[in-house]
Every structure is written in C-alpha cells, then in structure tokens.
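*Asks:* Below, each chain spelled out in residue letters.
Protein chains: 2
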Amino acid sequence: MSETEISTLGEFGLIDNLTRDFKVKNSSTVRGVGDDCAVLDYEGKKTLVTTDLLLEGIHFDLTYTPLKHLGYKAVAVNLSDVYAMNGTPRQITVSLGISKRFTVEHINELYAGIYAACERYGVDLVGGDTSASVTGLLISITCIGEADEKEIVYRKGARDTDLICVSGDLGAAYMGLQLLERERVASAGQKDFQPDFAGREYLLERQLKPEPRADVIAEMRELGIKPTAMMDVSDGLSSELLHICKDSGVGCRVYEDRIPIDYQTAVMAEELNMNLVTAAMNGGEDYELLFTVPLTDHDKVAQMKTVKLIGRITKPELGAYMVTRDDAEMEIRAQGWNAFGDA
Amino acid sequence: MSETEISTLGEFGLIDNLTRDFKVKNSSTVRGVGDDCAVLDYEGKKTLVTTDLLLEGIHFDLTYTPLKHLGYKAVAVNLSDVYAMNGTPRQITVSLGISKRFTVEHINELYAGIYAACERYGVDLVGGDTSASVTGLLISITCIGEADEKEIVYRKGARDTDLICVSGDLGAAYMGLQLLERERVASAGQKDFQPDFAGREYLLERQLKPEPRADVIAEMRELGIKPTAMMDVSDGLSSELLHICKDSGVGCRVYEDRIPIDYQTAVMAEELNMNLVTAAMNGGEDYELLFTVPLTDHDKVAQMKTVKLIGRITKPELGAYMVTRDDAEMEIRAQGWNAFGDA
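Protein sequence lines correspond, in order, to chains A and B. 1 is the number of the first residue of the first sequence in the numbering used here; add one for each residue after it. 1 is the number of the first residue of the second sequence in the numbering used here; add one for each residue after it.
No wet-lab data here; the hints were simulated from the structure. Among the clues, some could well be false.
Copies of the same chain look alike in the list, so a pair counts if it works inside one copy or between any two.
Taking lysine to aspartate or glutamate and the EDC-like style, the derived pairs with C-alpha atoms no more than 20 Å apart in a straight line are [claimed, not checked]:
| no. | residue 1 | residue 2 |
| --- | --- | --- |
| 1 | K246 | E11 |
| 2 | K23 | D247 |
| 3 | K308 | E211 |
| 4 | K156 | D16 |
| 5 | K209 | D61 |
| 6 | K68 | E205 |
| 7 | K308 | D16 |
| 8 | K68 | E3 |
| 9 | K25 | E119 |
| 10 | K246 | D16 |
| 11 | K305 | D262 |
| 12 | K226 | D160 |
Generate coordinates for the entire structure from the input sequences, incorporating the hints supplied.
*Replies:* Dropping the structure here:
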C-alpha cells in the first residue's frame, strides 16, 4: 500500500476524494454532501435520529481490527438503532478525527467499509466533518431514518403477559473479542506470528462485522407483527431487558435454557473457562433485536426461524429475574460494558 | 469546585445528570433523549442536517477556553450552518469523549454552556453518546432543523450582477485567538499572572462565544429578502466566496474598503504587526452570514444596519478578485484555517 500524507490533499480534497463514489439512493435525500447542511424530505413521516461515537483505544483496537471492517461496523451499529425503532435508515453523516499516523490510503480503507454498509442497507452519506486529531482515530456517525407514526416501536410499550423475543444468538461478539485479545497477547513481540482462528470464524465475524437485523424487521412486517417494545442489544441482554422493564413499568422472567447461544460461543467459553450464560447475558455488541409481542402473536413469532422466545413480561412487582436450568430465580443486573470503567 | 469522578456515576448516570434540566421546546420533538433514536416530526417541511467535530488541542485550548463557553460555541457553530441555509434549528445531538482528567463538575460546566445556547435559540437536546477517551476532550454535535422548501438557500444560486453582502464584521475572532495565544505564552511558568485584556473584550467574545446570526435571518424575512446564495463564514471570507463562486458558476469582485472590520480588530492587528485585511479575509470563525441578493433588493439590504454590501457577482470568466484601496485587483485565494496543517 502506498502512503500519501493527508496534508497533501487538505480537508476539502480529502472529503472530495472520499465521498466521490457515494451515489444518492433515496428520494428523501434532496441535497447531500456539499452545502452548509444536508436537505432531507420526510414528508408525512416521522424522522428518526441516532448517533454513536467510536474511539480508538476505547471502542476498538487497530492491532486486530481491519479499517474496512471498522468503517462497516461504525455504520452498522447506527443503523441497528433505527431498525430497533421499527424504522428505515436513510442517511448518515460521518465525522472523523485522524492522527498523523494515518495516510490517505488508510482512510480510503475505512471509507470502503462505510461505502459497503451504505450500499448494502441503501443509505446515503449526506455530510460530516473531517479533522486532524492529536492522537488516534475517532469516528462519530449520526444516522437519520424514517417511520410511519403508527409503526414506531419504543422501549416503553411492553405489557404484562407479553412474550419476550430475541433474534439470532448472543455472546458471540464478546467471545470474538476475547479470542482476538488472547491472540494479541500471544503474538506480542513475535514476528510472523500466525493467530489460530480456525473454526472460530463466526466469533470473529460477529465482533468485527456485525449486521443490523433489517431482515428480522422485514420478516415481522410481512407476518404482520408489530412489537409492543423493542431495542437492539448493544450493552448486553441484561442491560437491555432492564431498560424495557423500567421504561414500560413491568417485570420479566427469562429462561436460561431459552437464551440462544451458538456452538462456537459455547466452545470458546469453555476453553477460556468463562461462564457461558454471563457472556450471553452481559457480553454486548450483539446488535440483535430484543422485543416483546402480545401473547396473541405467539404463533406468528414461533414461525420466525431467526427469532427465539426467551421469556415473558410480568407485573412490575415481580421484578426482573432469570429462571435457571435448576429452576432457581436469579435477579437480572446490568453488568454491560461501560466506557467509564465501572460495573 | 468539588471533584466527582465520572466513574462514580457511570455512563447512564452521567447522561441522566446532564440532560435532566433540558425541557422540550419544539412541537417537532416527538421523543428526545431515552430511546434508540429521537423521533422528530417535520411534516410538510424539509429536514436540514449538519454536524461539527471539536477536538481539544486542534480546535480549542482549555488553558484559555472556559468549558461553559466551549459548550456554547460548540452548539452555536452548528446552529450557524442551519441559519446559513435560511432554516430554523430545532434539535441537536451531543456526543462527548472525555479523558480521565475531567470530573463531573467539569462536564456540568460544559453542559451549562450547551444548555444556555439551547435556551437562547429554542433548540432541543434529543440524543447523543458519551464515552471515556484516551486523551483530551472531544465534542461532536449534529444539528437538525427545518425549512420550507421554497425558503431554502443553497450556495449555488448566485447570479451575475447580484450584490454580495456580509453581516457584522470580520477578523475579530481571529484577533481574539492571537490575543489569547500571546497571553498564554506570556503567562507560561508565571504564577498569578494577570492577562491584560482591557479594551479587547469584543475580540475575546468573538473568539470564545460567537453567536449564530438568527437576528439577520429574522430581519431578512421581515424585509422580504430571500438571498440567491448564502453560507456562514467559518473558514474565512476568501474561502467562502470561492465556494459560492464555484458552486454558482460565477466570478466576483469585492472591495477592500467595504470589508467590515471592528476598531478593536484594527488596533490589535497593528499592535501585532499583522496585515489587517488578511486577518479579515482569511481569519475565519466569524460565523457571520455571507450572502448574495439580486440588484433589485439593493434598497432593502441597504437599510439593514448589521449588513454591509461588499461587492458584486460577475460572469465566471472574470474570476474572483478583491479590488484594493489603490484600485489594483488581487486574486482571492483560500487561505482559511485547515485542520490538516496545509495552506
């Protein structure tokens, strides 16, 4: 890879270079990059807005994260928030802080990932801000989407007797991170170290290139399911369950033996001597959808291959508990990842 | 000031603490902070989106920037972009990266400034993301606003014979920065150093607490003026004039003796032995409005006290030049501030 210093292009040159290939895909994008503001048209629909900040050394480690994957993931996690409101993401803005050790080629790689995610999910890049940074790389993405008012699903709508559902499986992204960390430590100081990821590809994919569950949203729409509450699992299932219970004023019971866990996740947990259920409940970064539906939707949800029923909503006074395999009740606590280092 | 470590609150505690006092002011804010996305309703209007990234050590120096001013300015510069499209800002999201040297009290100060700007300009805080950072403070703000389709002013609408107008005065923010830098250097290593800012308050205010020109937009609306092209002056008048000329496919002539410059700016330039016109043309961070109007609006614009006619739009083949006091023509070049360090 050749190395071009960013200062040879300057800010405007860099932005031109990066955004040239992005073609507008949505009729709601009236004007994208190139003026003081982007102009959007959501006539008759509600506008959804979400934003995420990713910092080197806090949220990602470039010793094992390819820049293209990082760009893809940075977009994916924002889209996931829009799908979690039952909306459709339409536009993103991307702001970057870039330290001197990054070249134009590096940033092109990052943007190749951003581009791939925008193409796959039909999203337009409509603006941003690009600057030098003192240290490291930072990515701040805002995603704008749309939804019919009657389609929007908040966290607050879960009701007693509703079924609790989750898509995909949990804990794999966390195990992928543990695996990458282990190989990083093992490789320290060794030239030509070859990490051993054979048979663990799924864990790496879940950590490095998560996909927002647009497919689950589309399937629910086809089946005529509208969740009563929904959010995406970014901080871990425990944390998200407590959000829904708190905002909806309800309690819940989830069943340990119903938590969906991939085989690779289980093998890795055993190898690392970690508690599998803790990883699945608190690992986070799954970007699966956690949602609740009325009991009457049981049969519809049961036919969704990628969705599993994991429990039920209760009256608030019953609290939030996991029912273990031996029928004990364990209180659910948020032990999700916290960027400020406390539990 | 007492010192509370951010980790004692955690991310969610910190966000609750910071956003508690923000009350929703706009009917377009259906749902603010507290779900996966904010929900906005701009039915029948276009949505405007802009974003800015401010990094410690690149865009601001906390040795002379009070945190409250910084919060205010971070919001102000985003609102300025929405006004520059002839729109009305309605919502912002605020993402922060915060290193360990900052306490809860520090971030409260920063938010006091964000709050003050939101109150003054009637804007709702609707979301964001807050994280630890490895070094320094970073602020990423996205502003969302609205405009009637027929009211939006782009950079591309300037036509031959249009008048070029600018609000307020130019170069003061840049001179304020020079002054602050001079005092910082003078104070280095001296305990109880008292910087001498007497008679220079305007320069400091322009640098530390800029105001977006909502007043100019409101006055133009009252007078029935709709600019043909408009943008805000963030990188310097030269740079912005070239943007309008390029996007509109036109040339321009601006007159050196018409560039609005405050008395304090002139005195400071002389004291620092700097070229005054260069400071006014290329200093940047003025957050004034640069716009063009048809010749037929001459009398309306002439009655605006805070707006000055500085030149006219020409055919593209005539290029972009400044006419000096001695009637020479100097080609306008963008020498605005560039975060990547090149000219």
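*Asks:* Hint by hint, note whether the structure agrees.
*Replies:* Hint check results:
In this assembly of identical chains, K246 and E11 lie within 20 Å of each other by CA distance solely across copies; the values are 17 Å between and 45 Å within a copy. With identical chains, the CA atoms of K23 and D247 are at most 20 Å apart between copies only, with a shortest distance of 19 Å across copies and 39 Å within one. In this homomeric assembly, K308 and E211 come within 20 Å of each other (Cα to Cα) only inside a single copy, at 18 Å, whereas the closest approach across copies is 53 Å. Taking the shortest Cα distances, K156 and D16 sit within 20 Å of each other only across copies (17 Å), while inside one copy they are farther apart (42 Å).
Proximity of K209 and D61 under a CA criterion of 20 Å is satisfied intra-copy only: 14 Å inside one chain copy versus 36 Å between copies. Proximity of K68 to E205 under the C-alpha cut-off of 20 Å is restricted to the intra-copy arrangement: shortest distance 13 Å within a copy versus 43 Å between copies. In this assembly of identical chains, the alpha carbons of K308 and D16 never lie at most 20 Å apart, being 45 Å within a copy and 32 Å across copies at closest. When the C-alpha separation of K68 and E3 is checked against a cutoff of 20 Å, the pair qualifies only within one copy, where the shortest distance is 17 Å, while the shortest distance between copies is 40 Å.
Taking the shortest Cα distances, K25 and E119 sit within 20 Å of each other inside one copy (9 Å), while across copies they are farther apart (36 Å). Taking CA atoms no more than 20 Å apart as the test, K246 paired with D16 passes between copies only; the shortest distance there is 14 Å, against 46 Å inside one copy. In this homomeric assembly, K305 and D262 come within 20 Å of each other (Cα to Cα) only inside a single copy, at 14 Å, whereas the closest approach across copies is 69 Å. Only within a single protomer do K226 and D160 lie at most 20 Å apart by alpha-carbon distance; the minimum there is 16 Å, versus 55 Å between protomers.
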